[in-house]
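Chemist: Work the whole structure out from these sequences, hints included.
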Amino acid sequence: MNRKLLIPLIMLLVFSTVAFGAEQLVSIDGREYLFDVKFIEKVPFVNAEHFKELGLTVKRADEAVILANAEVEIRFVLESNQVQVNDLALTLAERAFTQEEKTYVPLSFVLETINYQVSFDGTHITALSNPEVVYPLKTQEGYVIGEDVKSVISLAPGVTEKLFALGVGDRIKGRTTYCNYPAEVGNIPLVGTLDEPDLELMLSLEPDAVIAETHFKEEILKQLKAAGIMTIARKSPEDVSGIYSYMLDLGMLFNKNYEARALVASMKSKAARTEYILQDIPLEDRPTAYYVVGTGQWGEYTAGRDTFISRLIALAGAVNVADDVEGWSYSLERLIEHDPDYIFGNDFNLDTMLANDNYRVLSALTGKNYLVIDQDVIERAAPRALDEGLRVLVGLFHPDRVDRLGF
Amino acid sequence: MLCIALAGLMLAAAGVGTVKIPVRDVARIMGSWLLSKDCPEIKGSHIFIVLNVRLPRILLSAIVGAALALGGTCLQGVFGNPMADPYVMGSSTGAAFGATLGIVLGLNQGLLGLGTTSVFAFCGALGTTALVYKLAVTGDRVSTTSILLAGIVVSSILSSAISLLMLFNHQQLARVVTWTMGSFNGANWQQVWVVLVPMVIGTGILLSQARELNALVMGEEDAQSLGVPVERVKKIVLIAASFLAACAVSVSGIIGFVGLIVPHLCRLIFGADHRMLLPTTAVGGGIFLLLCDTLARTAIKGVEIPVGVVTSLFGGPFFLYLLRRTK
Chain G
0 MNRKLLIPLI
10 MLLVFSTVAF
20 GAEQLVSIDG
30 REYLFDVKFI
40 EKVPFVNAEH
50 FKELGLTVKR
60 ADEAVILANA
70 EVEIRFVLES
80 NQVQVNDLAL
90 TLAERAFTQE
100 EKTYVPLSFV
110 LETINYQVSF
120 DGTHITALSN
130 PEVVYPLKTQ
140 EGYVIGEDVK
150 SVISLAPGVT
160 EKLFALGVGD
170 RIKGRTTYCN
180 YPAEVGNIPL
190 VGTLDEPDLE
200 LMLSLEPDAV
210 IAETHFKEEI
220 LKQLKAAGIM
230 TIARKSPEDV
240 SGIYSYMLDL
250 GMLFNKNYEA
260 RALVASMKSK
270 AARTEYILQD
280 IPLEDRPTAY
290 YVVGTGQWGE
300 YTAGRDTFIS
310 RLIALAGAVN
320 VADDVEGWSY
330 SLERLIEHDP
340 DYIFGNDFNL
350 DTMLANDNYR
360 VLSALTGKNY
370 LVIDQDVIER
380 AAPRALDEGL
390 RVLVGLFHPD
400 RVDRLGF
Chain U
0 MLCIALAGLM
10 LAAAGVGTVK
20 IPVRDVARIM
30 GSWLLSKDCP
40 EIKGSHIFIV
50 LNVRLPRILL
60 SAIVGAALAL
70 GGTCLQGVFG
80 NPMADPYVMG
90 SSTGAAFGAT
100 LGIVLGLNQG
110 LLGLGTTSVF
120 AFCGALGTTA
130 LVYKLAVTGD
140 RVSTTSILLA
150 GIVVSSILSS
160 AISLLMLFNH
170 QQLARVVTWT
180 MGSFNGANWQ
190 QVWVVLVPMV
200 IGTGILLSQA
210 RELNALVMGE
220 EDAQSLGVPV
230 ERVKKIVLIA
240 ASFLAACAVS
250 VSGIIGFVGL
260 IVPHLCRLIF
270 GADHRMLLPT
280 TAVGGGIFLL
290 LCDTLARTAI
300 KGVEIPVGVV
310 TSLFGGPFFL
320 YLLRRTK
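Protein chains in written order, with numbering that gives the first Met the number 0: chain G, 0 to 406; chain U, 0 to 326.
By construction, these hints were calculated from the structure, which means they are not laboratory data. Errors might be hidden in some of the hints.
Claimed, not checked - Pairs of lysine to any residue, SDA-like flavour, derived with a Cα cap of 20 Å: (1) U:Lys300 <-> G:Tyr177; (2) U:Lys300 <-> G:Ile6; (3) G:Lys224 <-> U:Leu8; (4) G:Lys221 <-> U:Val193; (5) U:Lys42 <-> G:Ser150; (6) U:Lys19 <-> G:Val184; (7) G:Lys172 <-> U:Gly43; (8) U:Lys19 <-> G:Ala226; (9) G:Lys221 <-> U:Trp188; (10) G:Lys367 <-> G:Glu325; (11) G:Lys221 <-> U:Ser44; (12) G:Lys172 <-> U:Val193; (13) U:Lys42 <-> G:Ala225; (14) U:Lys36 <-> G:Pro43; (15) U:Lys42 <-> G:Ile65; (16) G:Lys51 <-> G:Glu40; (17) G:Lys51 <-> G:Ala69; (18) G:Lys221 <-> U:Ala160; (19) G:Lys221 <-> U:His45; (20) U:Lys300 <-> G:Thr192; (21) G:Lys221 <-> U:Lys36; (22) U:Lys42 <-> G:Lys234; (23) U:Lys300 <-> G:Ala225; (24) G:Lys172 <-> U:His45; (25) G:Lys224 <-> U:Lys300; (26) G:Lys221 <-> U:Leu54; (27) G:Lys234 <-> U:Arg174; (28) G:Lys224 <-> U:Thr115; (29) U:Lys19 <-> G:Leu204; (30) U:Lys42 <-> G:Gly394; (31) U:Lys42 <-> G:Gly227; (32) U:Lys300 <-> G:Gly185; (33) U:Lys42 <-> G:Asp207; (34) G:Lys172 <-> U:Gly301; (35) G:Lys221 <-> U:Thr115; (36) U:Lys300 <-> G:Gly394.
Modeler: Structure, rendered in structure tokens:
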């Protein structure tokens with residue numbers, strides 16, 4: 000080949016790869032866009048300016064970039080994983096950044112917040128808009144919500160946590176004695192215990208709605224319904240996607256739809272990031288783990304394969320030895336036979352195990368591979384399980400990789 | 000006279016509760032309700048509280064208290080045993096077993112407006128008493144000793160069955176325990192209507208056996224020789240008392256001491272003539288349980304003390320005192 004032509008040809012080739020490599024075909028509601036997209040460890044970041052084509056305004060402030068429309072304002076703090084959606088502060092597993100004067104933000108997060116469903120098949124990014132949430136709307140129990148729920152009584156600690164995570168903690172007028180997180184609950188009056196709440200107190204608070212989860216007294220809910228209060232009883236989520244749909248439902252009740260979608264997107268980003276940094280570890284190389292719900296003379300209790308906790312363990316890169324049962328009952332003999340690599344639980348349970356001869360043969364205890372955790376973080380299927388719990392578990396099972404989590 | 004006391008206590012109880020509603024308002028609400036009028040000037044939630052939260056609860060606790068006390072008195076008469084209570088034929092363990100089964104199965108099979116647990120508890124109680132009766136009856140006669148023994152045995156078998164159920168359903172443990180401790184929290188009008196008719200019928204039947212019970216207390220042979228149809232009376236009383244106990248536990252859980260203490264208390268005050276004793280224990284039982292339940296819901300603000308705990312706290316020491324006095 001002619002040497003003189005070779006060099007310009009090579010330069011042309013290099014330029015074209017650089018130019019086209021940064022351009023990604025994104026299909027939004029059937030329409031094809033060519034966006035400036037950078038993939039960083041499998042996560043697509045898009046040049047923020049492109050969102051102008053989708054009806055958002057894009058503004059640069061000092062260390063932040065703000066995307067907004069009439070209903071939502073998404074504010075990324077550059078070079079950090081912090082983002083604020085309206086009044087709700089969230090953290091992601093990724094960081095918005097600037098490169099060559101251009102600002103890049105996580106594509107899925109923004110699209111999902113503005114009500115698109117995003118999928119990536121390896122080459123093509125597709126986004127389809129979800130139906131808009133219109134008020135008045137009908138809940139699955141048949142209640143009609145005019146604008147939103149303005150005041151609520153929470154009859155479960157998981158519900159209280161989720162409401163605060165959504166940013167509507169100030170609308171909670173009453174809580175149970177078990178609702179202990181976050182610290183702001185101290186300002187909310189008590190209405191009694193899970194099993195025997197004070198009916199008169201609840202009625203006098205005149206809430207728009209009462210939300211209960213799993214454990215509640217039927218007769219009390221019946222009376223609340225008879226008094227004309229919107230009574231919602233849900234099952235606690237049994238897997239991670241259950242938390243997502245629960246939060247979206249709450250978003251609809253309280254007209255915090257953008258915040259709910261953003262919260263779900265942030266949780267998805269953390270779950271995806273965790274899977275990504277652990278993906279090269281095959282199943283047989285993952286450590287085994289056991290979570291102690293209860294132990295001692297009353298029997299062994301743990302989280303079986305159909306529980307939220309089991310799925311959290313799997314997400315954090317370990318194998319739950321109790322996946323051979325469903326439900327919560329286990330046996331000491333099985334535990335000894337499995338001899339899990341790691342054991343974790345609350346301080347009372349772990350103390351019981353450490354003090355008792357029966358458990359001496361467990362290598363996790365003798366080898367100091369056990370962890371005392373705050374059971375509320377793991378057992379309540381709330382955003383905290385992904386925000387904090389995941390990090391704690393990955394730190395236990397894969398301490399060499401936890402710093403790569405990014406959250 | 001006692002009835003006036005009961006009525007007075009009911010009205011007083013309607014005035015107290017976690018939420019402070021001025022007595023004047025309470026009186027106006029009740030008055031308007033009786034006259035089928037409206038009171039627009041009083042807060043809707045207060046009206047609901049007085050008419051739908053407190054009133055059914057007051058009535059229910061009085062009815063259940065009357066049933067338990069009356070049942071207790073009659074059973075004490077039939078068995079000639081001052082320690083007999085309305086659960087002696089296994090109704091309490093039977094109800095607990097039924098309720099546990101209902102909670103564990105997690106069905107939504109209500110009946111007549113009562114929840115699953117209540118229906119299962121009722122069936123459990125009745126079923127158990129029927130079983131105990133069947134075990135103890137020989138031909139046409141039923142020996143009181145046999146009944147007591149059969150009751151104890153069946154109760155312990157069912158207790159073990161409950162423990163077994165709890166083993167496999169650890170998560171429901173708290174709910175089962177709460178139910179067993181007894182509670183009127185969440186009582187509604189439906190419950191009142193559903194138990195009222197059976198209770199009235201049962202009470203009527205028992206009251207009619209007053210004379211016969213007087214004779215039975217002297218001993219079965221003596222009563223027989225006086226012309227009292229001993230076997231028939233025993234049958235009627237056992238069935239009616241068990242039925243009352245089953246109705247009671249199905250709506251309130253297991254509340255002890257009412258059926259044990261109130262009969263003795265009334266005997267001390269009014270004497271042992273059943274013609275006077277039966278009606279007074281009924282009303283007395285109503286007063287006692289109403290008092291205990293009112294304390295259970297108002298003693299500590301925002302906290303619901305299980306009513307069975309209150310009755311034991313009162314009944315226990317009092318029973319010991321009685322025991323010492325009769326020594």
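Chemist: For every hint, state whether the structure bears it out.
Modeler: Status of each hint after checking the structure:
About 17 Å separates the Cα atoms of U:Lys300 and G:Tyr177, which keeps this hinted pair within 20 Å; it holds. With a C-alpha separation of about 87 Å, the suggested pairing of U:Lys300 with G:Ile6 is violated against the 20 Å cut-off. This hinted pair does not check out: G:Lys224 and U:Leu8 have alpha carbons roughly 29 Å apart, beyond 20 Å. Restraint check: the Cα-Cα separation between G:Lys221 and U:Val193 comes to about 16 Å, which is no more than 20 Å; the hinted pair holds.
Of the pairs offered as hints, the one joining U:Lys42 and G:Ser150 holds, with about 18 Å between alpha carbons and a cut-off of 20 Å not exceeded. Our distance criterion of 20 Å between C-alpha atoms is broken by U:Lys19 and G:Val184, whose separation comes to about 25 Å. Between G:Lys172 and U:Gly43 the alpha-carbon distance is near 18 Å, which keeps this suggested pair within the 20 Å criterion. The suggested pairing of U:Lys19 with G:Ala226 holds, with an alpha-carbon distance near 18 Å, which does not exceed 20 Å.
The straight-line distance between the Cα atoms of G:Lys221 and U:Trp188 is roughly 11 Å, inside the 20 Å bound, and the hint therefore holds. This hinted pair does not check out: G:Lys367 and G:Glu325 have alpha carbons roughly 28 Å apart, beyond 20 Å. In summary, the hint linking G:Lys221 to U:Ser44 is supported, as the alpha carbons are separated by about 15 Å, within the 20 Å threshold. About 34 Å separates the Cα atoms of G:Lys172 and U:Val193, which puts this hinted pair outside 20 Å; it is violated.
A C-alpha spacing of about 16 Å is found between U:Lys42 and G:Ala225, which places the hinted pair at or below 20 Å, so the restraint holds. For the hint pairing U:Lys36 with G:Pro43, the CA-to-CA distance comes to about 68 Å; that exceeds 20 Å, so the pair is violated. Of the supplied pair hints, the one linking U:Lys42 and G:Ile65 is violated, its CA atoms being roughly 47 Å apart against a limit of 20 Å. For the proposed pair G:Lys51 and G:Glu40, the alpha carbon gap of about 26 Å is over 20 Å, so the pair is violated.
With a C-alpha separation of about 13 Å, the suggested pairing of G:Lys51 with G:Ala69 holds against the 20 Å cut-off. This hinted pair does not check out: G:Lys221 and U:Ala160 have alpha carbons roughly 30 Å apart, beyond 20 Å. As the CA atoms of G:Lys221 and U:His45 are separated by approximately 17 Å, the hinted pair is consistent with the 20 Å bound. The straight-line distance between the Cα atoms of U:Lys300 and G:Thr192 is roughly 12 Å, inside the 20 Å bound, and the hint therefore holds.
Pair hint G:Lys221 plus U:Lys36 does not hold up; C-alpha atoms about 25 Å apart against a cutoff of 20 Å. The hinted pair formed by U:Lys42 and G:Lys234 fails the criterion: a straight-line CA distance of about 34 Å is larger than 20 Å. In summary, the hint linking U:Lys300 to G:Ala225 is not supported, as the alpha carbons are separated by about 23 Å, beyond the 20 Å threshold. Among the hinted pairs, G:Lys172 with U:His45 is consistent with the structure: their alpha-carbon atoms are about 18 Å apart, no more than 20 Å.
Among the hinted pairs, G:Lys224 with U:Lys300 is inconsistent with the structure: their alpha-carbon atoms are about 23 Å apart, more than 20 Å. Our distance criterion of 20 Å between C-alpha atoms is met by G:Lys221 and U:Leu54, whose separation comes to about 16 Å. Between the alpha carbons of G:Lys234 and U:Arg174 the distance comes to roughly 16 Å, so the proposed pair stays at or under 20 Å and holds. A distance of roughly 18 Å separates the Cα atoms of G:Lys224 and U:Thr115; the hinted pair therefore holds under the 20 Å criterion.
For the hint linking U:Lys19 to G:Leu204, the alpha-carbon distance of about 12 Å falls within 20 Å, and the restraint holds. The straight-line distance between the Cα atoms of U:Lys42 and G:Gly394 is roughly 55 Å, outside the 20 Å bound, and the hint therefore fails. As the CA atoms of U:Lys42 and G:Gly227 are separated by approximately 14 Å, the hinted pair is consistent with the 20 Å bound. For the hint linking U:Lys300 to G:Gly185, the alpha-carbon distance of about 17 Å falls within 20 Å, and the restraint holds.
Between U:Lys42 and G:Asp207, the direct Cα distance comes to roughly 16 Å. Compliance with the 20 Å bound is thereby established for this hinted pair. Of the pairs offered as hints, the one joining G:Lys172 and U:Gly301 holds, with about 14 Å between alpha carbons and a cut-off of 20 Å not exceeded. With a C-alpha separation of about 13 Å, the suggested pairing of G:Lys221 with U:Thr115 holds against the 20 Å cut-off. Taken as a hint, the U:Lys300 and G:Gly394 pair is broken in the structure, with Cα atoms around 44 Å apart against an allowance of 20 Å.
When the structure is compared with the earlier hints, violations turn up for hints 2, 3, 6, 10, 12, 14, 15, 16, 18, 21, 22, 23, 25, 30, 36 and for no others.
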